[in-house]
Structure formats: C-alpha cells, structure tokens
Amino acid sequence: MKSQTPREPSTRPAAKPTANPTANPTAEQLLAAKDTTIPDVTGPGLRVLFCGINPGLWSGATGHHFARPGNRFWPALHRSGFTPRQYRPDEQGELLALGLGITNVAPRTTAKADELTAEELREGGAALRERVLRLRPRVLAVLGIGAYRTAFGQRRAAIGRQPEGIGSTEVWVLPNPSGLNAHYTLDALAEEFRRLREAVEGRAGAGGRAGAGS
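For the sequence shown, the numbering used here begins at 1 and goes up steadily by one.
Keep in mind that the hints were calculated from the coordinates and are not lab data. Treat the hints with care, as some may be off.
Said to hold, decoys possible - Below, a list of computed lysine to aspartate or glutamate pairs in the EDC-like style, where the Cα atoms sit at most 16 Å apart:
(1) Lys34 <-> Asp114
(2) Lys112 <-> Glu198
(3) Lys34 <-> Glu164
As the list claims (entries may be wrong) - Distance windows between CB atoms, simulated:
(4) Asp187 <-> Gly146: 28 to 34 Å
(5) Leu31 <-> Gly99: 33 to 39 Å
(6) Glu191 <-> Leu98: 16 to 22 Å
(7) Ala188 <-> Pro163: 21 to 27 Å
(8) Thr26 <-> Glu164: 43 to 49 Å
(9) Leu186 <-> Glu91: 16 to 22 Å
(10) Glu130 <-> Leu98: 38 to 44 Å
(11) Arg85 <-> Leu31: 30 to 36 Å
(12) Glu198 <-> Arg136: 20 to 26 Å
(13) His183 <-> Glu115: 26 to 32 Å
(14) Gly70 <-> Glu94: 20 to 26 Å
(15) Asp40 <-> Thr83: 29 to 35 Å
(16) Ala23 <-> Arg134: 32 to 38 Å
(17) Glu198 <-> Glu164: 18 to 24 Å
All C-beta atoms, glycine included, are put in the ideal place defined by N, C-alpha and C.
Construct all of the structure, not just a fragment, from the sequences and the given hints.
Below you can see the structure in the form of structure tokens.
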C-alpha cells in the first residue's frame, strides 16, 4: 500500500493584503478573505513556533497573523517577555530575529474556528507534524487545547508541556488567545506564555508544569 501524504483542505490563494498595514479592512475585504490562506512566518533555527488554530477573517484580509482587534496574542507575547515591546500584527516578520515563528493547524481562513471540521483539524495536524519535522524548532506551541486534542488525537491533553514531542521538538499547548476565550484573562494568558519562555530559556528546570490544567 502506498503511503499517503497529508492532504491540505481546499483553500483559495491568499487575499491581497490591505494597502495600509495598520488600516482596518473593509467589509468587502473581510468577505473576500473567507477560505483564503496566509503565509507562515517561519525560518531555520526557531526557538518557538507558535501555532494558531486557523486564520480569522482579519488575518486573511491583512495577511497578518492574530490581526483581529481583541486578539491577545501580541499583548501576551510582550507581557511574557518574548518581545521587548508589543509588536503590531504587521510587524510579524520581526519575530524571526527573536527566534520565533507563526503557523496554523488548519490553513483555511474562516470567521470562527468552529467552522472547521474535525477532518480539517486532523489533516492539518498531520501536515503540521511534517512541517515541524522539516523546520525542527526547539518548541511547537499550539494555541488552543481543543484544536490540539482533535488534530493530534490526544483527548486527555491539557495545557502545558506535552509528554510526547515531534522528533526533536518539544510540544506545548497554550490557551487560545482569542478574545472570545473567557476562561483566561490577559494576565493569566501571559503567565502561561511566561512559563513557556522560562522553560525555553532554561530557567524552569524540567519545563514547568507538564499538562497541568485545561
């Protein structure tokens, strides 16, 4: 039997980013962004590859990850000490100089993550595994416990460092930074990011909590 390569879900080419990187996309641009993809922010020698669930409409329209106002990824990244200041989404390329990158479990842009099917998440997880084996970041940090459980078939997984990695890459799961995630305040979210940073920098012994809490 021939081995099968993970199949990416059906998507459309990336939408043309807004001309002004700091301008809000129009309703028409948001609508046009549905089912498109946006490029990853990746490179060799990454310390942490952050992995969102999938791009939202604001990200699809602008070409920038975690672009929707109210998403707390960029504030949490700064408050946890990963970045020297709070970057804007259009400054995402500057993360590479810090050894940080961004990708997604599923590439398809949707208005809400729950529009993704379980099959899309599982296929995205298989493709993500291949991506990680190719890029070999020190840590893969998946931002969303529910998506991680489905994508990797780990129904009992919890927030924190995971028992099994991918090749030489350690896997962590952090809370979803979406403003819709009412289970975590910004301070609590930044604390989870800080635990990861300290583990990466070697100041947290065995890596802090391993799968502690959900």
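Practice prompt. List in ascending order the numbers of the hints, as given earlier, that are violated by the structure.
Written response: 2, 3, 4, 10, 13 and 15
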